[in-house]
Amino acid sequence: MKLPLPTRKSKDTDANANGNGNGNGANGTSPEGPSKAERRAAVKTAAVHHSAEGGATAAGWVDQRVNGTGIYTAMLTRKVPKGTNWFYTLGSATMFIFAMQAITGVFLSMYYTPSATQAYASITHMTNDVFMGEFVRGMHKWGGSLMIILIFLHMARTFFFGAYKYPRELNWVIGVVLVVLTMVMGLTGYLLPFDQRSFWATIVANNITASGPVVGPYLADFLRAGPDFSATTLSRFYALHMLLVPGLMGGLIAAHLFLVIKLGTTAPPWVKAARPKGARPTEFVPAGVPAPEAQGSPATNGAVSEGAVSNGASPEAPAAEPAADTVDVPEASDPDGEVNA
Amino acid sequence: MSDQQNNLPESDETNGPRVPLPEAQPRGYFEGESVTRRNAFMVSSQVLAGVAGAAVVLPTIAFALAPVFTPHEERWEAVGTVNDFTADTYRPIVFTETLGIGEVGKTTAYVRKGSTDFEGESADEFVAISTRCAHLGCPVRYVQAAGNFICPCHGGVYDFEGKRIGGPPPRPLDRFQTRVQDGKVEIGPRFSVTNQLKAVRVRDPGEFTGGIWEFLYPPRPSTPPPPS
Chain V
9 MKLPLPTRKS KDTDANANGN GNGNGANGTS PEGPSKAERR AAVKTAAVHH SAEGGATAAG
69 WVDQRVNGTG IYTAMLTRKV PKGTNWFYTL GSATMFIFAM QAITGVFLSM YYTPSATQAY
129 ASITHMTNDV FMGEFVRGMH KWGGSLMIIL IFLHMARTFF FGAYKYPREL NWVIGVVLVV
189 LTMVMGLTGY LLPFDQRSFW ATIVANNITA SGPVVGPYLA DFLRAGPDFS ATTLSRFYAL
249 HMLLVPGLMG GLIAAHLFLV IKLGTTAPPW VKAARPKGAR PTEFVPAGVP APEAQGSPAT
309 NGAVSEGAVS NGASPEAPAA EPAADTVDVP EASDPDGEVN A
Chain L
19 MSDQQNNLPE SDETNGPRVP LPEAQPRGYF EGESVTRRNA FMVSSQVLAG VAGAAVVLPT
79 IAFALAPVFT PHEERWEAVG TVNDFTADTY RPIVFTETLG IGEVGKTTAY VRKGSTDFEG
139 ESADEFVAIS TRCAHLGCPV RYVQAAGNFI CPCHGGVYDF EGKRIGGPPP RPLDRFQTRV
199 QDGKVEIGPR FSVTNQLKAV RVRDPGEFTG GIWEFLYPPR PSTPPPPS
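Chains as they are written, first to last, in my numbering: chain V, 9 to 349; chain L, 19 to 246.
These aren't lab readings, by the way, just hints derived from the structure by calculation. Heads up, a few of these hints could be off.
Unchecked claim - Partial chain V-side listing against chain L, Cβ under 10 Å, derived:
{"#": "1", "residue": "F202"}
{"#": "2", "residue": "G224"}
{"#": "3", "residue": "V337"}
Heads up, the beta-carbon is just placed ideally off N, CA and C, and yes, glycines get one too.
Next comes chain L alone, as it looks inside the complex (with noise of 0.2 Å):
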């Protein structure tokens, strides 16, 4: 390369001296600069499109999520008087969870009084058991001859409390919170429990809760803080 430069004649007679052409550069260059007119232009363009597309998919999509992070509107519904349960068995208790979807808004619950011979619970207070299978969500169906209650889809059994004592649910059955009001029993929004049944906020069925599970399966915005 450098061979061929020197071989060049430094003049010839025509011509003159061989003087290098200036280095080409963009119309508007002058020296010194660090970003081209050209580059600039380009950069400002593709920046302006990008916020001008952010601006439509950004509020798009937050849109699309915003039920993820809304609370649950939280109902009470009145089910019965007080005189109605007992604490020996459970009664079925059809109920509307969810407005405005027809039939598949309702549910049912299994309720019975209190009892002091279950741990943590008292005479005067109401306990409603959710059919939505802690597994996949089937319904689940008490079984009185049993005293348990059993999912049709997967073989799930809970005993007399809604504790899993058979088949691949996760964890016990949901429950609902209840309250008495004039003499008439209410039920509320919907918690889950641990294995000790303890009240956590409500977890989707198949998911285990208690431990470091609250931690692979965390509490949603959109659920109601359980009962204290």
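This is chain V alone, in the form it adopts within the complex (with noise of 0.2 Å):
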């Protein structure tokens, strides 16, 4: 039952119908089967299906006001330069991980009090008493590297394809700033369970954001929300980590995607440019770029990967470390604890 509304399936399906009619002499209707015009007709035909019917079904019906199959084309069936491999999909593999720490983050608020006397409680609570607690926290906890490392593998991507060039740098300059505020995810994130380590860890990094000259001391207070790590801190860092945050990067995440669709991708380096039909060709320069089994991972992975694993706790159990305290502290502590953000 189709309603009388426009749609572009009519004009198609005249289109068609003529083609077949007048025999087309450029495309040519061969006896043997359909011709390219009459197939290529046929895939639009059935690509305009659901916003044909749109009085008919209730997807129809969305998607012919809000135009999903065109979404979902853009985004899923869109076409991709040859060559393309599994190291474009680090960036989807990232926003996985986001998506993760996301849905995690909100249901270990649930259990969360952002509070100096009572996050430690609330945390071993969750921890060990509540139903799959464990394994939630674990997985944001674990998450949390996971996003780092493959954020920068993704960038160490795009940066040995060449993949920043024009048109594609604004989108290069959103995602160093994502990467800014991955980074600062982890800061804020790394206070919240308030143990020795946390505590300590985030003492030591607001001191380094002190450090900064002239901006630096006001930039910590503005952090510790006065000149001392006092009862509103832990609030603070609480809403930069679930509010303001995320926030930021998912606005950021949804211009760095239309983006990618609107600009689409590029080949990697040693992929041939394509030349127009019937251009001479002209022989093949390589650009020079290391095969990306060669290039290594940046020193910065490492380091970050070096620090997940000697965290010395297995995914099904984050750290049991004691409560925040300022007063019985370990005679010698380990240095990269400290910086491990």
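Two chains, two frames, some hints: make the complex.
Shown next, in the form of structure tokens:
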């Protein structure tokens, strides 16, 4: 049952019929099967199927109003260059981890109390007593390290493949802001368990912030909500970690994706550029970019993954550190722990 | 272009002489106005939207920045009697520096009696040295055998007076103001010192003090003034 709504389908089918009837000389209706033009028309017809059925199905009704098929096509069936390989999935992988962090984070906040006196107890409660608490918290904890590793690998792929060049410079800039915000997430989230390691790591990180000339002292005061670690420091970090920074990141990821879809992706540097039909073949000049296997990962990646492993906890059991304490501190500490934000 | 215009007939039989149409103008336009009605409304609605946005955003930013400009509350806490302390060694004292955050609001100071052996000290005052390392804020420990303060994190070493003698710290250990009331020693606000042990407003760890550093690491309005 079709409603007489104007759709693109009628136009397409008309064109198809005309093509058959007139026996368009250029395309040529061959006796053995449908012509190229006919097949193209058939594909087109199938693509607009949902919108054509707009009045009949609920999906079609929505589709006709928001052009969901168009969005689906743009995102998942768009054309990608020859040579696209597994390295191109690093961005999606990072985004998947972001989504995982968002989901697990929302549910962790149901059990967490952002207060200096209660945070540690609420963390031990959710880890030890709540069903699946250990697992959900473990996902969030290890997901944080994983996201930092993946975002740097994604950045390395973009860099070594030259994908930051015109016209994608703005997307590189957005990506760099996202890297910084991911690090801010790591820093602000690190305090929340409020155990010895996270408390002292935050003290050190804050003092590193303060040691920047001129603006550093004020920036540290802003982060801490005062000249010393105080009652509102933890809630400030919590608000930054779960509201402000993720909100910014969500918006920037949307812009990042929009530009990826609008501009398309680049071919790997070792793939010969397509030349227009009929053009004379030119000598292929390699771009001189090493193959990804030879690139290795930047030093930062090594440091981050090493730090993640040396945390000494399994994914099932997030580290059982003693509660944050300024008086009863170990005589010697692991310097790695201080900067492992 | 002008050729084409010249080629046009001046007039033709049916329509009479060719008269150029008046220039198209928006409705309500009158001769000589500098701002069109459309522009005036567009600019004023954008200004209004800007004012409405600022009315929300500016107070919120001020709200978040307030602690940077709010003076920290001054606390004094009695930590023992005058006779509890000697001039030749330190006694660790745990006291509350920040209220309302439980264990992490406490801090440790090493307290001793003043000694005329050291420049600028008198025998009837008390010296309270903070355990907060001047490098990045880890808690230092006084090691009696060496007579030094040693930081566990990155190897900062300070002498008996708290002056840096090794490692990465940029300045001597911070101190706390002390006073004696009714025979009891009281510990007050924290202050930083220069390499010559001159009192300055408290700085965060990692910041240098004295000379040009006072401008590169400006004193913050949230901190109490140093003792005179």
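Evaluated hints:
no.	hint	verdict
1	F202	holds, 8 Å
2	G224	holds, 7 Å
3	V337	holds, 5 Å
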